[in-house]
Amino acid sequence: MALHMERRLGLSGIVAISLGAMLGSLFILPGLSAKVSGPSMWLAFLIAGICCLPATLSKSELATAMPTSGGSYVYIDRTFGPLMGTIGGLGLWLAQLLKTAFALVGLSWYLQEVWYVPTIPAALFFLVAVTGINIVGVRKVGQAQVVLVSLSILGLAVLIFAGVGSIDTELLTPSLPRGTVGLIECVAVVYISYAGVTKIAAIAEEVERPDRNLPLGMIISLAVATLIYTIFNYVLAGTVDTNLSMAEGGLQGDFRPVHTMAVALGGDVLGKVFAVLGTLTMVSMANAGLLAASRFPFSMARDRLLPGVLGEVRSSYLTPIPAIVMTSLIMGVAIIYLDVYRLAKLASSFKILAFMAVNLAVIVLRETHVRWYQPSYRTPLYPWVQVIGILMGVVLLFLLGLMAAVAALGIIAGGACFWFLYGRRQMTERKGAVGRLGPGELIAGTTTPVSTFDGLTSGDVGALVTLVDRSPPEPLIELGAALADRKDLAVIRVREVPEQLGIEDLSDSHPAERALRRRSVSMGAKVGARLFYETGSCRDLREEVYELCHVMKPRWVLFEWREQNHYAVWHRDPLAWLFSHLPANVAVFKDDGVRVFNSILVVAELGAHDLVLARTADLLADTTGGKIRFVATVPEGKATEDAEHHLSDLANLCQSEAEVEVICTDEGIDHLEDLSADFDLLLLEEPPYEHFYSKFMRRMTDQLTERARCSVLRIRIPEESLQIEEDDEGSLHGEELLVSFLDPQLCLLDSEALSKKQVIRAIANRFVETYGGSRSDLEEAFWYRERQQSTHLGDGICLPHATLAEREQTSLGVVRLKTPIELPGSSGEKVDLFLFTVGPGPDHHVHEALIDALRLEISETQLGSRLRQAKDIAEIRRIFQECAQLIEHRA
Numbered sequence: 001m002a003l004h005m006e007r008r009l010g011l012s013g014i015v016a017i018s019l020g021a022m023l024g025s026l027f028i029l030p031g032l033s034a035k036v037s038g039p040s041m042w043l044a045f046l047i048a049g050i051c052c053l054p055a056t057l058s059k060s061e062l063a064t065a066m067p068t069s070g071g072s073y074v075y076i077d078r079t080f081g082p083l084m085g086t087i088g089g090l091g092l093w094l095a096q097l098l099k100t101a102f103a104l105v106g107l108s109w110y111l112q113e114v115w116y117v118p119t120i121p122a123a124l125f126f127l128v129a130v131t132g133i134n135i136v137g138v139r140k141v142g143q144a145q146v147v148l149v150s151l152s153i154l155g156l157a158v159l160i161f162a163g164v165g166s167i168d169t170e171l172l173t174p175s176l177p178r179g180t181v182g183l184i185e186c187v188a189v190v191y192i193s194y195a196g197v198t199k200i201a202a203i204a205e206e207v208e209r210p211d212r213n214l215p216l217g218m219i220i221s222l223a224v225a226t227l228i229y230t231i232f233n234y235v236l237a238g239t240v241d242t243n244l245s246m247a248e249g250g251l252q253g254d255f256r257p258v259h260t261m262a263v264a265l266g267g268d269v270l271g272k273v274f275a276v277l278g279t280l281t282m283v284s285m286a287n288a289g290l291l292a293a294s295r296f297p298f299s300m301a302r303d304r305l306l307p308g309v310l311g312e313v314r315s316s317y318l319t320p321i322p323a324i325v326m327t328s329l330i331m332g333v334a335i336i337y338l339d340v341y342r343l344a345k346l347a348s349s350f351k352i353l354a355f356m357a358v359n360l361a362v363i364v365l366r367e368t369h370v371r372w373y374q375p376s377y378r379t380p381l382y383p384w385v386q387v388i389g390i391l392m393g394v395v396l397l398f399l400l401g402l403m404a405a406v407a408a409l410g411i412i413a414g415g416a417c418f419w420f421l422y423g424r425r426q427m428t429e430r431k432g433a434v435g436r437l438g439p440g441e442l443i444a445g446t447t448t449p450v451s452t453f454d455g456l457t458s459g460d461v462g463a464l465v466t467l468v469d470r471s472p473p474e475p476l477i478e479l480g481a482a483l484a485d486r487k488d489l490a491v492i493r494v495r496e497v498p499e500q501l502g503i504e505d506l507s508d509s510h511p512a513e514r515a516l517r518r519r520s521v522s523m524g525a526k527v528g529a530r531l532f533y534e535t536g537s538c539r540d541l542r543e544e545v546y547e548l549c550h551v552m553k554p555r556w557v558l559f560e561w562r563e564q565n566h567y568a569v570w571h572r573d574p575l576a577w578l579f580s581h582l583p584a585n586v587a588v589f590k591d592d593g594v595r596v597f598n599s600i601l602v603v604a605e606l607g608a609h610d611l612v613l614a615r616t617a618d619l620l621a622d623t624t625g626g627k628i629r630f631v632a633t634v635p636e637g638k639a640t641e642d643a644e645h646h647l648s649d650l651a652n653l654c655q656s657e658a659e660v661e662v663i664c665t666d667e668g669i670d671h672l673e674d675l676s677a678d679f680d681l682l683l684l685e686e687p688p689y690e691h692f693y694s695k696f697m698r699r700m701t702d703q704l705t706e707r708a709r710c711s712v713l714r715i716r717i718p719e720e721s722l723q724i725e726e727d728d729e730g731s732l733h734g735e736e737l738l739v740s741f742l743d744p745q746l747c748l749l750d751s752e753a754l755s756k757k758q759v760i761r762a763i764a765n766r767f768v769e770t771y772g773g774s775r776s777d778l779e780e781a782f783w784y785r786e787r788q789q790s791t792h793l794g795d796g797i798c799l800p801h802a803t804l805a806e807r808e809q810t811s812l813g814v815v816r817l818k819t820p821i822e823l824p825g826s827s828g829e830k831v832d833l834f835l836f837t838v839g840p841g842p843d844h845h846v847h848e849a850l851i852d853a854l855r856l857e858i859s860e861t862q863l864g865s866r867l868r869q870a871k872d873i874a875e876i877r878r879i880f881q882e883c884a885q886l887i888e889h890r891a
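Once you know that position 838 of the sequence shown is 838 in this note's numbering, the rest is easy, because the numbers rise by one and skip nothing.
Read the hints as simulated data drawn from the structure, not as lab findings. Fair warning: there could be bad hints in the mix.
[As the list claims (entries may be wrong)] In silico DSS-like cross-links for lysine-lysine, where the CA-CA straight-line distance does not exceed 27 Å: (1) Lys638 to Lys871; (2) Lys757 to Lys871; (3) Lys830 to Lys757; (4) Lys871 to Lys818; (5) Lys487 to Lys627; (6) Lys590 to Lys526; (7) Lys487 to Lys553; (8) Lys830 to Lys871; (9) Lys526 to Lys487; (10) Lys590 to Lys487; (11) Lys526 to Lys553; (12) Lys627 to Lys590; (13) Lys590 to Lys553; (14) Lys818 to Lys757; (15) Lys35 to Lys272; (16) Lys526 to Lys638; (17) Lys818 to Lys830.
The structure presented is a predicted model; accordingly, all values stated were derived computationally and were not measured.
Sequences and hints are given; from them, build the entire structure.
In structure tokens form, the structure reads like this:
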């Protein structure tokens with residue numbers, strides 16, 4: 001059984017580790033910042049702390065949603081996919097271990113003021129010490145950090161109080177010797193000193209009550225560190241000359257600024273005391289640094305991006321010993337052979353990139369509405385905090401210079417190469433939230449969803465109810481039973497599991513899941529439905545539902561409406577793509593607490609889907625004995641006759657009591673919102689899936705759904721044609737007959753043909769371009785039929801037909817002429833529509849059924865006039881379907 005690390009770290013340990021990772025910079029950086037901005041370095045530290053706030057808030061949110069080891073690596077990987085995760089993980093690991101190695105080298109600068117020891121042996125000795133502390137457990141690290149950080153803060157407080165009375169205001173002028181540019185450059189230099197505030201996220205898996213302690217600990221640590229940095233540097237600039245070099249008795253270039261200040265205030269004795277304190281603080285920084293750095297390879301190994309041995313937790317101390325030891329060994333090599341100061345400085349640019357990625361990750365995860373992303377803490381002022389954080393990162397990278405940018409690009413290139421050479425071969429199923437952002441190419445049977453669903457097969461499924469969240473299942477099941485129309489009702493409980501959890505980690509034995517199953521089965525029995533219930537987990541909710549629908553082949557699929565965030569940038573649920581692409585009718589339900597639909601309001605769009613809305617409303621009203629009202633809105637001043645006629649046709653189709661109403665208004669949503677208060681259920685058309693740019697705007701249908709004063713049901717039928725049905729004697733029938741044979745590739749709109757001969761030639765050209773064959777043979781087949789009998793039907797419509805022996809199935813096509821033509825012997829009547837069929841000889845019964853259906857629809861509906869007004873081929877398909885359904889209901 002796999003071992004897991006225990007959650008032993010409390011709030012005090014979190015604050016201690018974060019401060020320990022930051023305070024070490026205070027013992028070194030002031031000497032460097034004095035070179036850049038002089039006395040104003042205190043202001044640079046203050047601004048840098050404020051600049052770090054967006055990343056801190058974003059990481060706090062991400063950490064409560066993903067309280068697992070790895071920190072920024074996990075957030076980048078789960079958001080942008082394993083390629084970016086590999087780059088981020090290796091880059092952060094490298095940057096962190098180099099910075100920790102630098103802290104170990106830097107502690108010798110303070111230690112040598114008390115006891116001279118060679119730099120490298122001293123660094124290696126303390127490296128072994130902090131490695132041992134890390135191996136024995138995070139609680140020991142936390143306890144050690146509390147002691148060390150407490151001593152550091154107490155000592156710094158004493159030094160600050162001692163120095164306040166000795167501040168020389170002349171040393172604080174000029175405050176900006178290099179102007180604003182120098183101040184901003186100094187912000188870029190000291191910004192990375194705050195990076196430790198978010199290190200605790202890397203060990204989130206070992207934190208007690210992560211939902212509370214992680215955000216609280218990071219925010220407290222940042223506030224305390226900013227306060228200490230700012231006040232200490234102000235006092236330091238007032239007691240030690242920042243305009244002079246270290247050799248001249250000043251601060252510039254001094255790698256022991258705290259010792260220098262102590263000597264200036266209390267002589268050598270006080271200087272030695274703070275030299276010891278500086279050594280201990282740097283040990284604390286190295287201790288926290290090794291702790292955080294070792295969790296990057298540990299998490300990557302668990303994701304199979306590094307060898308699995310690095311992801312092991314040893315039973316003796318419940319710590320990732322292999323990852324700790326390997327990180328420590330690489331630090332040792334870096335200390336012995338590399339210029340760790342220069343490398344750590346360059347690697348810091350990658351940390352700024354990581355902070356930018358963390359801010360962007362929050363935006364992506366929120367806007368893609370990933371179901372598993374449920375943070376207990378949410379960043380205030382979203383998304384402005386994240387946007388500001390990203391922009392500040394861009395500015396800081398620019399100020400760090402060309403070498404820093406080259407170093408960051410080098411890390412990115414190295415991480416990408418490692419992914420393609422190793423990581424990609426180890427795993428392929430994960431793709432992150434961004435990988436699910438667009439519609440993708442989901443083709444039934446070509447994907448193998450990562451899930452626990454198994455053994456589901458197709459059957460006589462009338463409706464499939466998807467329970468995604470833990471909302472009450474009763475309304476959806478009741479609706480599903482009505483739409484199933486005496487067929488089986490399938491209910492699936494789908495749970496999307498983030499990649500940081502195993503697919504088996506969520507169990508159906510959970511009390512909440514058992515209760516959901518019991519309530520679903522009980523409701524199914526109450527409404528008299530043949531119900532079966534399945535539960536399972538998956539990685540990609542959209543992919544899973546798509547595949548299940550192709551396996552089970554339901555006529556209806558029901559989803560629950562998900563409330564949208566009014567302040568969001570991205571206004572679409574990721575499941576919206578499914579609503580327009582599933583091979584079934586789709587219903588999206590918003591529950592307003594109504595259990596019996598005695599009155600149903602249908603908002604007609606005066607388009608192709610209205611017939612489906614009417615049939616659905618009639619089915620629901622028949623179940624409950626309710627009444628229906630069809631309503632349409634037209635702009636003020638526009639004629640209402642067409643709308644009234646359309647609504648009347650819809651009402652005549654219904655067996656239930658129905659009435660119509662046309663509202664003349666330019667404020668349609670306001671009127672419909674007010675009208676919905678008098679009804680139990682509002683039926684709307686589910687809009688089609690839209691392109692990228694439109695997702696940043698809220699649609700009128702969404703606004704009406706949110707503002708309606710009753711429950712709402714949004715309906716959409718699939719664009720794909722359904723298979724035609726045969727009765728027991730093999731004859732063809734069904735409302736989808738014409739749509740089933742309609743071939744979109746054989747439809748020509750606004751053809752410029754000027755004679756029947758040119759029309760047949762255009763048909764032959766299109767057919768041969770699509771399916772191959774002989775153009776002349778096809779033309780002769782059409783003319784053979786024309787010579788036998790006239791195909792002119794009247795009303796400007798012709799029904800040509802051709803028989804081809806090599807053709808495997810019959811196809812129906814449409815040619816609409818831009819200019820009507822006159823047929824020979826037609827007494828001057830002009831024709832502009834050619835509804836033609838091409839099929840094999842043995843398929844004559846199909847041809848006859850198609851011709852009969854065409855004649856019936858042309859005579860009994862407005863098929864011809866509507867085809868003349870169709871804007872595209874998709875609309876032609878819908879017109880055929882609607883007219884066929886109209887005839888069926890009249891029958």
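Going through the hints against the structure:
1. Taking the CA atoms of Lys638 and Lys871, the gap is near 22 Å; set against the 27 Å cutoff, the hint holds.
2. Simply put, Lys757 and Lys871 have alpha-carbon atoms about 25 Å apart, close enough for the 27 Å limit, and the pair holds.
3. The straight-line distance between the Cα atoms of Lys830 and Lys757 is roughly 15 Å, inside the 27 Å bound, and the hint therefore holds.
4. Of the pairs offered as hints, the one joining Lys871 and Lys818 holds, with about 13 Å between alpha carbons and a cut-off of 27 Å not exceeded.
5. The suggested pairing of Lys487 with Lys627 holds, with an alpha-carbon distance near 24 Å, which does not exceed 27 Å.
6. Under the criterion of a C-alpha separation no larger than 27 Å, the hint pairing Lys590 with Lys526 is consistent with the structure, at around 21 Å.
7. Of the pairs offered as hints, the one joining Lys487 and Lys553 holds, with about 12 Å between alpha carbons and a cut-off of 27 Å not exceeded.
8. For the given pair, Lys830 sits about 22 Å from Lys871 by alpha-carbon distance, which is consistent with the 27 Å threshold.
9. For the hint pairing Lys526 with Lys487, the CA-to-CA distance comes to about 15 Å; that is within 27 Å, so the pair holds.
10. Taking the CA atoms of Lys590 and Lys487, the gap is near 24 Å; set against the 27 Å cutoff, the hint holds.
11. With a C-alpha separation of about 25 Å, the suggested pair Lys526 and Lys553 falls inside the 27 Å cut-off, and the hint holds.
12. Between the alpha carbons of Lys627 and Lys590 the distance comes to roughly 20 Å, so the proposed pair stays at or under 27 Å and holds.
13. At roughly 24 Å between alpha-carbon atoms, Lys590 and Lys553 fall within 27 Å of each other, so this suggested pair holds.
14. Between Lys818 and Lys757 the CA atoms are separated by roughly 15 Å; this keeps the pair inside 27 Å, and the hint holds.
15. Between Lys35 and Lys272 the alpha-carbon distance is near 25 Å, which keeps this suggested pair within the 27 Å criterion.
16. Between the alpha carbons of Lys526 and Lys638 the distance comes to roughly 48 Å, so the proposed pair goes past 27 Å and is violated.
17. Simply put, Lys818 and Lys830 have alpha-carbon atoms about 12 Å apart, close enough for the 27 Å limit, and the pair holds.
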